[in-house]
Every structure is written in C-alpha cells, then in structure tokens.
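Chemist: Listed below, chain by chain, are the residues.
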Amino acid sequence: MNQQRKAVALISGGLDSLLSARVVMEQGVHVEGINFFTGFCVEGHTHAIRKRERARPKRNNALWTAEQLGIKLHIIDIIEEYKDVLLHPRYGYGAHLNPCLDCKIFMVKKAAEWIEKNEFDFIVTGEVVGQRPMSQRKDTMPVVAQESGAEDLLLRPLCARNLPMTKPEREGWIDRSKLHDFSGRTRKPQIELAEKFGITDFAQPAGGCCFLTDEQYSSKLSDLWKYRGERRYDFDDIMLLKVGRHIRPASNYKLIIAREEGEVNFLQGYKKEYLSIKTISHMGPLALIDGKPSEEQVLEAAAIVARFSKGKMEDRVEVEITRQGGEVQHLLIKPLKPQEMKPEWML
Amino acid sequence: MSNRVRLDARRLLCPLPVIKMQNMASDLRPGQEIEAVCTDPGVLHDIPAWCRINGHEVLESKSDRNEYILIIRIGG
Numbered sequence: 001m002n003q004q005r006k007a008v009a010l011i012s013g014g015l016d017s018l019l020s021a022r023v024v025m026e027q028g029v030h031v032e033g034i035n036f037f038t039g040f041c042v043e044g045h046t047h048a049i050r051k052r053e054r055a056r057p058k059r060n061n062a063l064w065t066a067e068q069l070g071i072k073l074h075i076i077d078i079i080e081e082y083k084d085v086l087l088h089p090r091y092g093y094g095a096h097l098n099p100c101l102d103c104k105i106f107m108v109k110k111a112a113e114w115i116e117k118n119e120f121d122f123i124v125t126g127e128v129v130g131q132r133p134m135s136q137r138k139d140t141m142p143v144v145a146q147e148s149g150a151e152d153l154l155l156r157p158l159c160a161r162n163l164p165m166t167k168p169e170r171e172g173w174i175d176r177s178k179l180h181d182f183s184g185r186t187r188k189p190q191i192e193l194a195e196k197f198g199i200t201d202f203a204q205p206a207g208g209c210c211f212l213t214d215e216q217y218s219s220k221l222s223d224l225w226k227y228r229g230e231r232r233y234d235f236d237d238i239m240l241l242k243v244g245r246h247i248r249p250a251s252n253y254k255l256i257i258a259r260e261e262g263e264v265n266f267l268q269g270y271k272k273e274y275l276s277i278k279t280i281s282h283m284g285p286l287a288l289i290d291g292k293p294s295e296e297q298v299l300e301a302a303a304i305v306a307r308f309s310k311g312k313m314e315d316r317v318e319v320e321i322t323r324q325g326g327e328v329q330h331l332l333i334k335p336l337k338p339q340e341m342k343p344e345w346m347l
Numbered sequence: 001m002s003n004r005v006r007l008d009a010r011r012l013l014c015p016l017p018v019i020k021m022q023n024m025a026s027d028l029r030p031g032q033e034i035e036a037v038c039t040d041p042g043v044l045h046d047i048p049a050w051c052r053i054n055g056h057e058v059l060e061s062k063s064d065r066n067e068y069i070l071i072i073r074i075g076g
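Taken in sequence, the protein lines are chains W and G. When you line the first sequence up against this note's numbering, it's residues 1 to 347, in that order. When you line the second sequence up against this note's numbering, it's residues 1 to 76, in that order.
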C-alpha cells in the first residue's frame with residue numbers, strides 16, 4: 001500500500017494559497033497549513049483596533065481558509081526573527097519597505113525546517129510565475145527554492161507545469177499532469193479554478209496583506225528610523241505606526257492622534273509609557289507624544305490636538321496633559337489655525 | 001498540573017492570543033482546559049475557529065466589560 005504523503009502549505013489567507021493546498025489535497029496528500037505572523041500583517045490588528053472596521057466580517061482569513069479546507073493550521077510568531085529580514089534584506093526592497101524576495105525565502109526556509117522537524121514530505125505555496133514584480137518572477141522563484149534550502153521539495157501547484165519538476169512530481173507523490181500552468185498577473189485562471197472547486201467566498205487576492213507594501217506605512221517607518229537615529233524597532237513601534245494620524249512638527253517629537261473611538265481605546269493602553277493629551281471642554285481625540293518635547297513644544301502639541309477637536313474654531317479649548325508618571329495638568333489653549341498646520345508635518 | 005490553566009492575553013491583538021493559546025495547548029493533555037482572558041473582541045471569532053480546525057472544544061465564551069473570557073478543552 002502506498003504511504004500517504006504529507007505536505008505543509010503556506011497559508012496567507014488569500015485565494016492562491018487556498019487553491020494550491022486544495023489542488024494537492026485533491027491528489028490524496030495530507031495537508032496542514034502554516035501561517036507566519038511578522039507583525040506587519042494588515043488584517044487582524046487593523047480590524048481589531050479600528051471600531052468602524054468592525055462592521056466588516058471579522059475573521060482571520062488564514063484560520064478561515066484552513067477551516068474551509070478542513071486542515072490544521074499552525075500560526076508561527078516570527079516577529080523577532082523577521083527583524084533581520086526587514087532591516088538587512090539581501091535582495092533589497094520593493095516599491096516601499098517591502099523585502100518581498102527575502103521574506104519569501106525566509107518563510108519557505110522556516111517551512112523547510114518545520115517539515116523536517118515534523119516529518120512531512122514537501123512544501124506547497126500559492127506562488128504563480130509573473131504574478132509579483134519581486135518574489136514571483138521566473139528568475140526569482142528558483143532563488144527562493146535554493147536559498148531557503150527547500151530545493152526540489154518546494155511545489156507550486158498553480159504554476160508547476162511552467163517550472164522544472166520537483167521531487168514530489170518525480171517520485172510520483174503528485175501527478176504533474178493535474179497541476180497547473182498559470183502565469184502572469186491575471187486572476188482569471190484562479191477565479192475559474194475556485195469556481196470549479198465550488199469556492200465562492202474568499203479573501204481578496206493577496207498583495208494587500210502586508211503593511212510594508214503600503215506607501216504611507218513605509219513612510220512612517222522611515223521617519224521612525226530617521227529621527228531615532230538608528231534602524232531598529234520593537235513590536236509596540238510597529239503597532240503604533242498602524243494607528244492614528246502621525247504628525248511631526250519637530251525632529252525631537254511627534255504626535256499620534258486617534259482618528260476614532262477604537263483608536264482612542266487602543267492608545268489608552270500606552271498612556272503609562274507616553275505623554276498624552278486630550279481635550280476636556282470639547283469632544284476631541286486622544287493623542288500620544290512620542291519623543292522628548294520641550295515644555296514649549298508640549299503647548300504646541302496641545303494646540304495641534306485642539307485643532308482636531310470640536311472646539312477647533314474656538315478661542316480657547318481646555319486640554320488635559322498627562323505625563324508618563326501620572327501627573328495631570330489642565331490648560332486652556334488656543335487651537336492651531338489651519339494655515340499654521342504645515343503640510344510637511346503630516347506623515 | 002491543574003486541569004485548567006489561565007492564559008492572560010489582555011492587550012494582545014489577534015492573532016497573538018491565538019498563537020499564545022496554540023503554544024500553551026501544545027504542552028497540555030487531552031481533557032485539560034485553558035481559560036483565556038483577552039481584550040481583542042476578534043478572539044470571539046478566531047479562538048473558536050482555531051478550536052474547530054484543531055479538534056478542541058469551546059466550553060464557554062463570555063464578555064465582562066472590555067474583557068472577553070473563553071474556556072476551551074483540549075481535544076484528543
């Protein structure tokens with residue numbers, strides 16, 4: 001009797017990873033999913049923080065995908081290890097601070113380690129030749145296989161027939177003729193395959209799942225490194241970059257101003273670590289001050305916060321300033337005028 | 001080891017509470033329970049989903065002010 005082979009599929013929560021796992025499962029392979037959490041994932045955190053996002057169906061798409069497939073999912077925290085990928089990408093960045101090729105190599109490498117430890121036979125990804133400008137090109141896809149150490153244990157079922165044969169195909173664990181030859185940026189073949197499998201509900205095609213591909217987020221991260229004087233970050237840094245308006249009036253401090261109730265609640269959790277400002281006399285946002293402003297700059301920051309309150313047209317707005325040690329100060333402050341808000345302050 | 005262990009996942013946003021629960025569950029035996037205290041409402045969806053795909057059972061799910069408490073039993 002033939003031994004049932006086991007594969008681990010990289011599950012992002014998008015359609016391609018769902019389909020690739022399903023294609024392999026159709027051939028009788030036991031599949032389990034693996035999902036890596038870098039800290040830069042768009043879903044989950046953003047939805048949890050922002051109250052207005054709660055109107056949308058709240059689900060983790062990787063878990064949802066696994067459930068649709070009826071497979072186990074292993075979610076791996078790679079926040080710390082990922083720092084080296086982001087800070088020192090061998091193959092550089094994409095359009096923003098997205099180290100896509102290094103990222104893919106790293107994740108496949110982790111998957112290769114996982115299959116060895118857990119005695120699985122091969123790795124499945126949803127990559128498609130030509131779909132991504134950096135990590136999914138004809139010339140870079142072999143680099144992923146080689147540098148990750150996965151070599152010919154890496155199977156891309158959606159475009160396998162455009163690529164050299166892998167061990168699962170050579171050994172007969174997988175029938176190559178039942179794999180696909182998708183290529184390019186079109187989503188049509190994936191949509192058709194989804195229809196064939198009866199899959200009608202799926203997350204929007206991958207690509208928008210990482211904050212590092214976002215211009216504004218990357219700009220805020222660059223600003224953080226520039227004014228910190230070194231390229232490093234911790235988890236709270238990258239979380240706070242996802243929240244609020246970021247305004248830098250001077251090199252030694254910036255404001256993080258909540259845009260809605262969910263963000264206010266989230267920023268409340270950081271009040272012990274940051275100087276915070278909120279308006280008292282009028283409805284307004286909570287703001288954290290990151291950096292070491294002078295007392296004069298604290299007043300400037302308060303005037304900016306007042307500018308974002310319901311009292312922005314008033315002569316005076318009462319604000320509450322809370323220091324890191326808990327000391328509270330109430331002040332009357334004149335909100336900044338629109339023309340005094342310099343566009344270059346906005347990150 | 002006690003039959004029920006507590007997981008403090010307050011201030012963690014999804015998927016971190018799920019990751020913490022997954023890691024804790026890997027050290028437990030079938031029948032043992034985890035009581036998770038969380039602040040991200042996303043856990044009300046994610047932890048049950050994680051339980052369903054891994055064969056665990058949600059015994060109780062409740063909210064208390066801004067905290068969400070889920071009790072799960074490890075499956076066999």
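It is worth saying that the hints were derived from the structure and are not from the lab. Warning: the hint list may mix true and false statements.
As the list claims (entries may be wrong) - Derived SDA-like pairs (lysine to any residue); straight-line CA-CA distance at most 25 Å:
# : chain 1 : residue 1 : chain 2 : residue 2
1 : G       : 62        : W       : 262
2 : G       : 20        : W       : 42
3 : W       : 226       : W       : 262
4 : W       : 83        : G       : 19
5 : W       : 312       : W       : 260
Chemist: Determine for every hint whether it applies to the structure shown.
Modeler: These are the hints, each one checked on the structure:
About 20 Å separates the Cα atoms of residue 62(G) and residue 262(W), which keeps this hinted pair within 25 Å; it holds. Of the supplied pair hints, the one linking residue 20(G) and residue 42(W) holds, its CA atoms being roughly 19 Å apart against a limit of 25 Å. Our distance criterion of 25 Å between C-alpha atoms is broken by residue 226(W) and residue 262(W), whose separation comes to about 29 Å. The hinted pair formed by residue 83(W) and residue 19(G) meets the criterion: a straight-line CA distance of about 19 Å does not exceed 25 Å.
This hinted pair checks out: residue 312(W) and residue 260(W) have alpha carbons roughly 17 Å apart, not beyond 25 Å.
In this structure, the one hint that does not hold is number 3.
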